[in-house]
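Engineer: The residues making up each chain are set out below.
2 protein chains.
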Amino acid sequence: MKSIFDDRLQKAQNGVAKSLYRLIAEKKSNIVLSLDVPQKARFFDILNHVADEIVVLKIHIDIMHDFNDDFIKELLLLKEKHHFLIFEDRKFADIGNTVKAQYTEGIFKIIEWADIVTAHIFPGPGCIEGLRSAWQETQIKDRAVVILPQMTSRDNLFDDIALSAGIKWAHEYCDIIIGFIGSASVYKDTPERETQLMYLRKESLPEMLILTPGIQLDVSGDNLGQTYVTPETSISQGGDLIIVGRGIYNAENPLKSAEVYKKAGWDALVKRETEKED
Amino acid sequence: MKSIFDDRLQKAQNGVAKSLYRLIAEKKSNIVLSLDVPQKARFFDILNHVADEIVVLKIHIDIMHDFNDDFIKELLLLKEKHHFLIFEDRKFADIGNTVKAQYTEGIFKIIEWADIVTAHIFPGPGCIEGLRSAWQETQIKDRAVVILPQMTSRDNLFDDIALSAGIKWAHEYCDIIIGFIGSASVYKDTPERETQLMYLRKESLPEMLILTPGIQLDVSGDNLGQTYVTPETSISQGGDLIIVGRGIYNAENPLKSAEVYKKAGWDALVKRETEKED
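Heads up: the protein sequence lines correspond to chains X and G, in order.
Residue numbers are given in the numbering used here: position 220 of the first sequence equals residue 223, and the series is strictly consecutive.
Residue numbers are given in the numbering used here: position 276 of the second sequence equals residue 279, and the series is strictly consecutive.
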């Protein structure tokens, strides 16, 4: 039997994308855990419990208390043991020279441990070129960038022009860009009520991965203005990975919750991919 | 005799803006030194030499090698001695909750030592609200944000709509936003060849400060595609502070170079303000 995403795995040029496609199939999971927990002990406690259920760990290194080199060492040991990719959600947003320094230098040296980083598109492609040139100058084999062609925050300035620019640049820089952050909660500015997520999937290279934020299983509760989407809605529209944060790390039993999200995400993914083959 | 910017000083609501207007008049300088020098010893060596010539020190804390709490202590001692403001060019670009954590937590605790930070407008006003809410919850008296209503990098996605949004939000959040990064090298999308800088000055609150990047005295040389503007052009169009980096820190004699930029910037400022009164 052909394994899920086999076609896309063959097409992918970037080593991180290849690893991620393999991990999804092996672990039967498309969960990105967004672990915004600044206390080191609690961070590793939760990660230890749920690491086998996830394929990517998304962090903000600059909110961690008591960061030091041991934090990275411990993280890399867990990565080795449980097989997940490390995603620093840095949202680089400066000119090329500056992001290059921010990616490689300073106390974090992000390039040394983060398989994936995010970059904004509105500063223009120089931002991506800065990251790529840092990568080309190192001995590090696989590094990847995920870009944001949209945001879901109130009154943001992303529009359909930004969406198209993101798709175009992902194509042009497909050696380092492996995908997008994309949400089903944003509609295109056309009468057809097509979501930007549907358009992203339709118009971008097949090997591009789409990571969808704001995922919650229960979307009926009081969401304080945040827009949440179920795994099924998101994945049926083209999302490949679902980013889950508080739904797992604030749960009474994070492992149990991770298992529930994992099953929901995986079932929706298998359903979509099976229907495509029919 | 009335001192320069007296009117704008009276109007300013934000304590950092007030301090900055006073510093400009006292030091007869409108120089923002962009000190992108990651080696601590060289960083402090240059700063020690030129600190009396500048009013703001702009840094990227996340590119500094060997950062630790002593770095901040040493920086604050120099600030105390030479009177300048500290500007962390973080370019916050995430949702409110995340930028709030990035501003206050982690190893850098930016809010504790940076008088000024930059924020992007693309994510919408929630980004500014996140920073403001962090500020309101601390005991720290004066903190300020400078926003980017434009960028000069190639093929960036900023347009006249973004420019107007920036002006509008600066007005709405004028308790914490004290001004803009704005360059004379970008034109408005109108037939009149009006620069975005001229428009920014005309349309924004008078107390808003405009910091202009890409300033060089000699704009005839080989600039490798970077767009540079002279202090005079920039200031005559409404720029208040000139951001100078390599022109000072890569000069054979940084102090001498800082003095030259300081005189050029100050003369252009006095000329503009005097002509206005006539």
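The hints are simulated quantities; they were obtained by calculation from the structure and are not laboratory data.
Certain hints may be false.
Since the list gives no way to pick one copy over another, a pair counts as held whenever it fits inside one copy or between any two copies.
To be verified - Cut-off 27 Å, straight-line C-alpha distance, at most; resulting in silico cross-link-like pairs (DSS-like, lysine-lysine): (1) K43 to K5; (2) K82 to K43; (3) K171 to K191; (4) K191 to K144.
Engineer: Could you check the structure against the hints above and give me the numbers of any it violates, in ascending order?
Structural biologist: 1, 4
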